[in-house]
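Colleague: Chains as they are written, first to last, in our numbering: chain W, 389 to 669; chain L, 389 to 669.
There may be inaccurate statements among the hints.
One copy or two, it doesn't matter: identical chains are merged, so the pair holds either way.
Said to hold, decoys possible - Computed list of lysine to aspartate or glutamate pairs in DMTMM-like fashion (alpha-carbon distance at most 25 Å, straight line): (1) K444 to D545; (2) K444 to D594; (3) K444 to E510.
To be clear, the hints were calculated from the coordinates, so they are not data collected in a lab.
Here the structure is a predicted model, which means the values were calculated and not measured.
Number of protein chains: 2
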Amino acid sequence: MTATTLFNGHCTGPGPELAASRGLHYGHGVFRTCLIYNSEVFDIDGQIKKLLADAKALGLPPPDPQLLLQDARQMARDTPMAVLKILLLAAGEGRGYGAPVIGVDRLLCRYPAPDHPDALWEAGIRAARSPMRLSAQPALAGIKHLNRLEQVVASCDWPPGCEEVLLSDDQGRPLCGTRSNLFWVHAGILRTPGLERCGVAGRTRDRILQCAAQSSLPCRVGEGSWEELALASEIFVCNSVVGIWPVRTLEGWSSDAPGPVTRRLQGALSHPLHHAKRVAA
Amino acid sequence: MTATTLFNGHCTGPGPELAASRGLHYGHGVFRTCLIYNSEVFDIDGQIKKLLADAKALGLPPPDPQLLLQDARQMARDTPMAVLKILLLAAGEGRGYGAPVIGVDRLLCRYPAPDHPDALWEAGIRAARSPMRLSAQPALAGIKHLNRLEQVVASCDWPPGCEEVLLSDDQGRPLCGTRSNLFWVHAGILRTPGLERCGVAGRTRDRILQCAAQSSLPCRVGEGSWEELALASEIFVCNSVVGIWPVRTLEGWSSDAPGPVTRRLQGALSHPLHHAKRVAA
Chain W
389 MTATTLFNGH CTGPGPELAA SRGLHYGHGV FRTCLIYNSE VFDIDGQIKK LLADAKALGL
449 PPPDPQLLLQ DARQMARDTP MAVLKILLLA AGEGRGYGAP VIGVDRLLCR YPAPDHPDAL
509 WEAGIRAARS PMRLSAQPAL AGIKHLNRLE QVVASCDWPP GCEEVLLSDD QGRPLCGTRS
569 NLFWVHAGIL RTPGLERCGV AGRTRDRILQ CAAQSSLPCR VGEGSWEELA LASEIFVCNS
629 VVGIWPVRTL EGWSSDAPGP VTRRLQGALS HPLHHAKRVA A
Chain L
389 MTATTLFNGH CTGPGPELAA SRGLHYGHGV FRTCLIYNSE VFDIDGQIKK LLADAKALGL
449 PPPDPQLLLQ DARQMARDTP MAVLKILLLA AGEGRGYGAP VIGVDRLLCR YPAPDHPDAL
509 WEAGIRAARS PMRLSAQPAL AGIKHLNRLE QVVASCDWPP GCEEVLLSDD QGRPLCGTRS
569 NLFWVHAGIL RTPGLERCGV AGRTRDRILQ CAAQSSLPCR VGEGSWEELA LASEIFVCNS
629 VVGIWPVRTL EGWSSDAPGP VTRRLQGALS HPLHHAKRVA A
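With the sequences and hints as input, model every part of the structure.
Modeller: Set out below in structure tokens:
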């Protein structure tokens, strides 16, 4: 499985200069993962906006959003379904953490569509709880940056038969999936953890919170507990590639079908895969 | 300032394949920074040993140490003084944190020698205390990996006139410099923080602890406090490029000259720059 890449608009990919990139040496960069469907990048305007905000937070000079849009469209052309990862890398060949950032490189990688067994948006997933706690770093919390070793480590001991693994924050409270944000419904209130200390603020999480606010769905952002999760009426995870995945089982907890809040939010998101019968390879 | 690179033994550098590397996308890789002096890489055997141990800890397949040694020697040839960074990158083009690691790429980057104003090993440095606390992640603590955004952020607000900034651990205790390990002498005992929760186990730190053990210098590895540091008789930082830098000033604390323990350890390390009168550009 090889990615097709576009580097600063060139489909020949990067040259040897990438070897000295701050993106590679320090993970000094940000990214977004999007779904290409019917030759379009789903929610591309929203994704670019988040990408640029994260880039600013890490001191990267802003690239031209029109160039990013152009890159994304080029990668989506004649592509029925695929995953598109958009990266912005801090350029600057000087050695040392404090060396100046002299520019930003745009890197887009297109991958085959995810090969999930079935319409999981409807059937729901089996989730497990990881023993791992994410570390707390308020200076980086929420940013979708390239320092992702915690997620790599958490994905090493993936229990068989699971589609997602849930992680705790540094205090041992439920926080997110390895590649998704986490929501649950408890006592009629939609809940999701705050991201002031750790975690990534996904674009789909933002959209769900907007939907909740617009439709007067009671919602609270803030710390929860595994005990509360065990009492939830609905649990789901979300990201921009799959949309909303209802959780069917999590340790002792189980649910037969997506609950009413999950259904409502799935409808509001208009995610392409919420209507596809099967996610083709 | 451009780096000279060697990628898997090729001096043409990496090709476009680096764009899909797990090293770039997740920081899934490890590194060591070494000093080239008189066409030799100082302490190269020790550096390679640490590099391989860190690679193993992150699930990278081990590269042939002989190839690494050959790479390093090629970079050092006919080079009076330079800095050499050796990176091992997890190869694997699959998307996703849990995608298989299918190999390891060797990347060496040679940079100009550091341009420090004077023989700081003798004169000592001015250090400052950063407000930043490093996050605690026992699964990654001690490993010199490519997730270095905390160090980048800490280097953004570098107080003028300082040569190093000291960081705290997640509990607010003194831990290390942005690019060095930290030692101090208090009540006749050499002290350095433990690295079970955060921080990087530098090769020079290892060598200093070995020296201390071999010469029966009283030494304790474990948490300290800023209050204890303020009462220290000697403070120094170390890394493989500069050796040992005595701290001359740190907030209210100051010292005129390297103390006896610092001097003794400088002598034991046999670092090339401990004898150079000036670090040339």
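Colleague: Which of the listed hints are not met by the structure?
Modeller: Hint 3 is the one this structure does not satisfy, whereas the remaining hints hold.
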